[in-house]
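> In our numbering, the protein residues as written are 837 to 1286.
Just so you know, these hints were derived from the structure itself, not from any lab.
There are no misleading hints in this set.
Straight-line alpha carbon distances no greater than 30 angstroms define the calculated DSS-like cross-link-like pairs of lysine-lysine that follow: (1) K1178 - K1264; (2) K1121 - K1060; (3) K1126 - K974.
Pairwise CB distance ranges, derived in the manner of DEER restraints: (4) S1012 - D1085: 21 to 31 angstroms; (5) A1096 - E1135: 40 to 50 angstroms; (6) Q918 - V1105: 26 to 36 angstroms; (7) N1042 - F1069: 21 to 31 angstroms; (8) A1010 - F945: 29 to 39 angstroms; (9) P1139 - S1012: 48 to 58 angstroms; (10) E864 - R1090: 49 to 59 angstroms; (11) D1122 - L845: 41 to 51 angstroms; (12) E1165 - E864: 28 to 38 angstroms; (13) P1283 - Q1132: 56 to 66 angstroms; (14) P1139 - M1059: 32 to 42 angstroms; (15) E1165 - K974: 33 to 43 angstroms; (16) I1184 - A941: 26 to 36 angstroms.
Glycine included, each C-beta is placed from N, C-alpha and C at the ideal position.
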Amino acid sequence: MGPGLASMLVFILLILIWSVYIKRNIGEVAFIGMIVVSLFGGSRAAELLLGGIKYALSYEVLFASLAFVFMSFLLQSTSVLQGMLKIFNRLFRKMKGGPAYVNTAISSFLGMLSGGNTPNAATSGAFTAQWLLSTGWKREQAATLIAANGGLGAGFPPSSSLFIVLAFPTVAGAVSEGQLYIALFLTGIYQVIWRVVYIHYIIRKNHIVLPETVTDEPWSSVMKTAGKNLLLFLGAIIPVALNMGPLSDLIAGRSEVWKAAVDSINILVWIPILMIAIILALGWKDIREKFHSREQFVEELIPHFSSTGGLLIFVFAASNIISKLGLSEDIVQILNSMSLSKVATVVIILILVAVVAGPLSSTATLTSIGVISHAILVSVGIDPLAAATAILVVASTEGASPPASGALFVACGLTECDPPKIFMPLIKWFVLPITCIAVLVCLGILPLPR
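My request is simple: use the sequences and hints to build the entire structure.
Next up, the structure:
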């Protein structure tokens, strides 16, 4: 076993044992794990460690996760949240589990636009996290749903993952872009159906009923008192509109300078910035009334960041180190040495892809082991389209795969949930079932369009 694969397994085991059995702060073991995985580099340990920390500090997901923690704090400190919930409750007042369906719908829609797991979780969660909590969802359940739904960013086409797979030598000559696009869209629907099953389970388990605040208050009255809070949606609409779609194309078409400006807009960075600005504008009076001094504001804010910041830095740094240690080469070596039955090969290959998607992003997973995984699946008689689609489906579990999923930490920041508490629920309710969906697709049990 090479250093890349060995370090990844040690890192995952350390986090699971520390958080599940020892029940200590996960930030502690993330720091220890970062040091331990760097030691797998031998004489390069110091170089790998410094490089990993530098990568983590410049990673936009770190900023976005902390920004959403701050945004969640502001929402709870102003009347903006109450105004939004009043509108949502009026809109979905006769539907149990309304915010869960809204989150899934938004995530699916954004998945068809952006293809990004973490931005997907950030955008949909920003509007539904507190709404879920206020309607009977526990913090762990809400964070689990938001993080898992983030995976629909790569679960629906188009996405960077799709184009990476289309470039595979074993795919390029056998599968057209249109075929893979439609197939991935259908498997995205399969994933949504599973999420509806999960939502129904939580509704029954928590005995969620219609909100007590349900009234027949006319829309005119609701909009008069709470309508201004809809401006919060501009925080997501503006960056998304400038980043993709007809408005983006129109602006980018003016000149190369404008195109470069549009390309420089990072949704993950600008959504929390604009939302924070809008919340401050709408709720400044509430903040001044609640906090009598800057010192009080900072004292109440700091605990929300106490463990999240360090945890993210250490986890992202460790992921970078593991990748540099040669994880992809180690996986390729193992896959090449396998001699198994068709079904066993499918199951093992897809499980390996899911495991690698834990510390790596979906694109990094496909870049590192995607080509050899697809080649092995085709070599045992799997249809090239089914194999390509199944690999994409499993890679999309990045949003729900502990320990280094950006969507996971964004979801926990929005719901103020301790990340280790959703590790096992994510694996149980999403990583394993979605991997099963991929296996069924690969074996032809779940149909794909031709």
